[in-house]
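Assembly of the complex is requested from the two constituent chains, each provided in isolation within its own frame, with the hints serving as guidance.
Protein chains in written order, with the numbering used here: chain A, 1 to 113; chain B, 1 to 238.
There could be a bad hint or two in this list.
Stated by the list, open to error - Just so you have them, the derived chain B footprint on chain A, three or more residues with Cβ under 8 Å: (1) 11 to 23; (2) 30 to 38; (3) 43 to 55; (4) 62 to 68.
As the list claims (entries may be wrong) - Here are the simulated distance ranges between beta carbons: (5) A:I13 / B:V39: 28 to 38 Å; (6) A:A90 / B:Q65: 48 to 58 Å; (7) A:F100 / B:V39: 25 to 35 Å; (8) A:L103 / B:L42: 36 to 46 Å; (9) B:E51 / A:A60: 46 to 56 Å; (10) B:G73 / A:R82: 52 to 62 Å; (11) B:G61 / A:E86: 37 to 47 Å; (12) B:L42 / A:I111: 45 to 55 Å; (13) B:E41 / A:A60: 39 to 49 Å; (14) B:G55 / A:L83: 28 to 38 Å; (15) A:L83 / B:Q72: 53 to 63 Å; (16) A:I13 / B:G55: 53 to 63 Å; (17) A:G96 / B:V39: 23 to 33 Å; (18) B:A37 / A:V10: 38 to 48 Å.
To be verified - Chain B is faced by these chain A residues, among others (derived, beta-carbon under 10 Å): (19) L3; (20) L7; (21) T8; (22) P27; (23) N59.
Note that these hints are calculated values from the structure, not bench results. Keep in mind the model is a prediction, meaning the values are calculated, not measured. All residues carry an ideal CB built from backbone N, CA and C; glycine is no exception.
Listed below, chain by chain, are the residues.
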Amino acid sequence: MWLGISLTAVALIAGVIIGLNVPLFIPQIYGKYLGIAILAAIDSVFGGVRAGMEERFDNAIFVSGFVSNTLLAAGLVFIGDRLGVELYTAAVVAFGVRLFQNLAAIRRKLIKK
Amino acid sequence: MPTRLYAVALVAFVLGLLITVQARVAGQPPGEILPAARVQELTAELRRLEEASAGLRREAGELEQKIAAAKQGQTQARAALQTEIEKYRIQAGLVPVVGPGVEVMIHNMPAGSLPGTEQYVFAVRDEDLLRVVNELWGAGAEAIAVNGQRLVSTSEIRLAGTFIDVNLQRITPPYTIVAIGDPDVLASALEIEGGVAEMLRAFGASCLIKKKDTVRIPAYEGTMAFQYARPIKEEVRG
Chain A
1 MWLGISLTAV ALIAGVIIGL NVPLFIPQIY GKYLGIAILA AIDSVFGGVR
51 AGMEERFDNA IFVSGFVSNT LLAAGLVFIG DRLGVELYTA AVVAFGVRLF
101 QNLAAIRRKL IKK
Chain B
1 MPTRLYAVAL VAFVLGLLIT VQARVAGQPP GEILPAARVQ ELTAELRRLE
51 EASAGLRREA GELEQKIAAA KQGQTQARAA LQTEIEKYRI QAGLVPVVGP
101 GVEVMIHNMP AGSLPGTEQY VFAVRDEDLL RVVNELWGAG AEAIAVNGQR
151 LVSTSEIRLA GTFIDVNLQR ITPPYTIVAI GDPDVLASAL EIEGGVAEML
201 RAFGASCLIK KKDTVRIPAY EGTMAFQYAR PIKEEVRG
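With the rest of the complex left out, here is chain B (with noise of 0.2 Å):
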C-alpha cells in the first residue's frame, strides 16, 4: 500500500527534522543560551531596574527643578539684600543723593550796615542753624547738609570757641543748609510767620531761602564705629 508507507515515511521525516532541531537548540554552548526560567527571572529583572530607572530620572528631573528654583530665589533675595543695604545707606547718609529740596543762605550782618556799629551786632549761632535744620527734619527733609557737612545719626552742632563745628568739622560764615525734600513744604515751614526765618532776619542776619529742582547733597565723611552700642538680641529682651 504505497499511501500508508508514504505517511509513514512522511511522519519518520518530520520526526527527524524536529529530533534534528531540538537536539541544534538543546545542544548548544551553555554560555549563548539561557534556561527558560532564568530568561524570565532576566527579564523580570530588567523590567524592575527600567521601572527604576524611570523613576530615579523623574527624581532627578524634580531635583533639577527645585535647585533651579533655589537659585532663581537666592537670586531675588541677593537682589532684594542688595536694595535693602542700599536703602540704608541712602538714610545713613553714606551716600550722596541728588532730588529737589531748598537752600538755605544764612549770614551775618555785614558790619556797618547799622549805624554805629563796628562788629556783627548779632552772630549766627549754633542754636540758630539746630532751629534751622530742626525745622527742615520737622518738615520731612530726607536728607540735609550744613557747609557740605552731610547730617547724620551722630552728627552735631555746637559752639566750639567762636565757631561752629559740625561732624567735628569747623564751617565758617556763610551758611549754606541743604536740604532735600518738597520744596514747598520745607520753605514754607521754614518762612512760617514767627517762624526760624522770621526770628533770623528781626536779628538782622540775612536768611535766603531758595526752592530748588535738584540739589546735591554728599556723603558722610566721617567713620562710623559703634564701641559701646550693641544690638539687643530677642531673647535677652524679656
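So that you can see chain A by itself, here it is in the shape it has in the complex (with noise of 0.2 Å):
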C-alpha cells in the first residue's frame, strides 16, 4: 500500500520536474484542449483510487480509461469548435460532475472507516 502510494508520488513528481523542464510548448489555441485532457484525467485517477478503495480495481479498465477519456474529451472539444458548438462547456461539467461523485465516493469510504 504504502509502496505504490510513495510509487505514484514519485511518478507525479518526476512528471512535473520534467513537465518543468521539458522546453515543450504548445500554442495558446491548443490550450483548452489539454485544458479539458487534464480534467478527464484527474477525472480517471479519482475514479481509480475510488475502485482501489472499493476493492474493485481494475489495470486494464484504468489505464484504457484513462487513455480514451482523455483523447475523447480533446476530440469532443475539437469537433465542438469545428461544428461552432460550445461542447467544451458539456465536457467541463461531465466531468466535473463525475469528479466531485467520486470524490463524494472516496470521503464515505475515508470516514466510515
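Here it is as C-alpha cells:
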C-alpha cells in the first residue's frame, strides 16, 4: 500500500519536474484541448482511487479509461469547435460532476473506516 | 502487484506532465498570449483586411489603366488638334506652301510695238487680274499669290489711281500670278477658247502660262483681326 502511494507520488513529482524543464511549448489555441484532457485524466485518477478503495480496481480498465477519456475529451472539444457548438462546456460539466461524485465516494469510504 | 503499481505510476507521471505543461502555457504573461476567441477574431479581421487589400490593389490597377488610356487619348487628341490647326492655317494662308501649279505672267503691251502708239494702248486693269484669279479658283486652285501677295479671304484686288493694290500693297507690272493645283486643269481653264487668256491677248497684253512641277507661294503677311464679326453660338441661332 505505502509502496504504491510513494511510487505514485514519485512518478507525479518526476512528471512535474520533467514538464517544467522540457522546452515543450503548446500554442495557446490548443491550451483548451489540453485543459479538458487534464480534467479527464484527473477524473480517471479519482475513479481509479475510488475503485481501489472499493476493492474492484482493474488495471486494464484504469489505463484504458485514462487514455480514452483524455483523448475523447480533447476530441469532443475539437469537434465542438469545428461545428461551432460549445461542447467544451458540456465536457467540463460532465467531468466535473463525475469528479465530485468520485470525491464524495472516496470521502464516505474514508469517514466510514 | 507490481504491474498495477507501474500502471498507476505511469498515469500519475503523465498527469503531472500534462498539468505542468498546461500551467506553463496558461501562466504566460498576457502580452505574449491571446485568448482563443481573440485569436479567431484577429484571424478573421486579418483575412478581411487581406481581401480588402487585394480588392483595393485590383482597383488601383484598373485606375492606372484608365489613367494610361486617358493619357494616350490626350496625346492623340493633341496630335489631332495640331493637324486640324495646321490644316486651317494652310487654308487661311498663314503658312507658305509648295506644290505643282501654274505661273501666269501678264504684261502690258510694250510701248511702240504697234505702229503709231507711244504709250500703252491697253493697260492691264484690276478686273483682268480678278478674272484670272477667279478662273483659277474656279478650276480648283488651292492657293494663289499675285506678285508675291498671298490671296486670303479678305484680300482685295483693286485699282488705286494708276496702280493695282493687292492686300493693300501696291503691285507693278509685270504681273505674276502663281497658283497651286492641278497644272493641266488650271492651264486649260485659262486657255479655254474665248477664255481669259485669249481675251487678254486680244487686247494686246501678253499672257504667258507655264505649268510647273513645283511652285512656291508665300504666306500672308498682314494681320487678321476680327473687330466686328463674331461667331454665332448654337443657342442664338434659333
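To see whether the hints hold, each was checked on the structure:
1. With a cut-off of 8 Å between beta carbons, the segment 11 to 23 of chain A has 10 residues touching chain B; three or more are needed, and the interface restraint holds.
2. For the segment 30 to 38 of chain A, the assignment as covered by chain B holds, since 6 residues bring a beta-carbon within under 8 Å of that chain's beta-carbons and 3 suffice.
3. Against chain B, the segment 43 to 55 of chain A contributes 3 residues with a C-beta closer than 8 Å to a partner C-beta. That satisfies the three-residue criterion, and the hint holds.
4. Coverage of the segment 62 to 68 of chain A by chain B holds in this model, with 3 residues showing a Cβ closer than 8 Å to a Cβ of that chain against a need of three.
5. A hinted range of 28 to 38 Å for the beta carbons of I13 of chain A and V39 of chain B is consistent with their spacing of about 34 Å.
6. Evaluation of the 48 to 58 Å hint for A90 of chain A and Q65 of chain B yields a pass: the beta carbon distance comes to about 56 Å.
7. Between F100 of chain A and V39 of chain B, the C-beta spacing of about 32 Å keeps the proposed range 25 to 35 Å intact.
8. For the hinted restraint 36 to 46 Å between L103 of chain A and L42 of chain B, the CB-CB distance of approximately 39 Å keeps it satisfied.
9. Taking 46 to 56 Å as the suggested C-beta distance range, the pair E51 of chain B and A60 of chain A conforms, at roughly 53 Å.
10. Checked against the hint of 52 to 62 Å, the C-beta distance between G73 of chain B and R82 of chain A comes to roughly 55 Å, which is consistent with it.
11. Restraint check, G61 of chain B to E86 of chain A: a C-beta distance of roughly 44 Å satisfies the suggested window 37 to 47 Å.
12. Range check, L42 of chain B to I111 of chain A: about 51 Å between beta-carbon atoms, so the 45 to 55 Å window is met.
13. For E41 of chain B and A60 of chain A, the Cβ-Cβ distance of about 45 Å falls inside the hinted range of 39 to 49 Å, so the restraint holds.
14. Here the CB-CB span from G55 of chain B to L83 of chain A is close to 31 Å, well matched to the stated 28 to 38 Å.
15. Between L83 of chain A and Q72 of chain B the beta carbons are some 56 Å apart, a value that agrees with the proposed interval 53 to 63 Å.
16. Separation of I13 of chain A from G55 of chain B is about 57 Å and conforms to the stated range, judged on CB atoms against 53 to 63 Å.
17. Distance hint check: the CB atoms of G96 of chain A and V39 of chain B are about 26 Å apart, consistent with the given range 23 to 33 Å.
18. Between A37 of chain B and V10 of chain A the CB atoms are about 40 Å apart, so this pair conforms to the stated range of 38 to 48 Å.
19. Contact between L3 of chain A and chain B, as hinted, is supported at the beta carbon level, the nearest pair being about 7 Å apart and thus within 10 Å.
20. The interface hint given for L7 of chain A holds, since its Cβ lies 5 Å from the closest Cβ of chain B, which is under the 10 Å cut-off.
21. For T8 of chain A, the interface hint holds, since its Cβ comes within 10 Å of a Cβ in chain B; the closest pair sits about 5 Å apart.
22. Interface restraint check for P27 of chain A: the shortest CB-CB distance to chain B comes to about 8 Å, inside 10 Å, so the restraint holds.
23. A hinted interface residue such as N59 of chain A counts as satisfied when its beta carbon comes closer than 10 Å to some beta carbon of chain B; here the least separation is about 5 Å, so the hint holds.
Comparing the model with each earlier hint shows no violations; every hint is respected.
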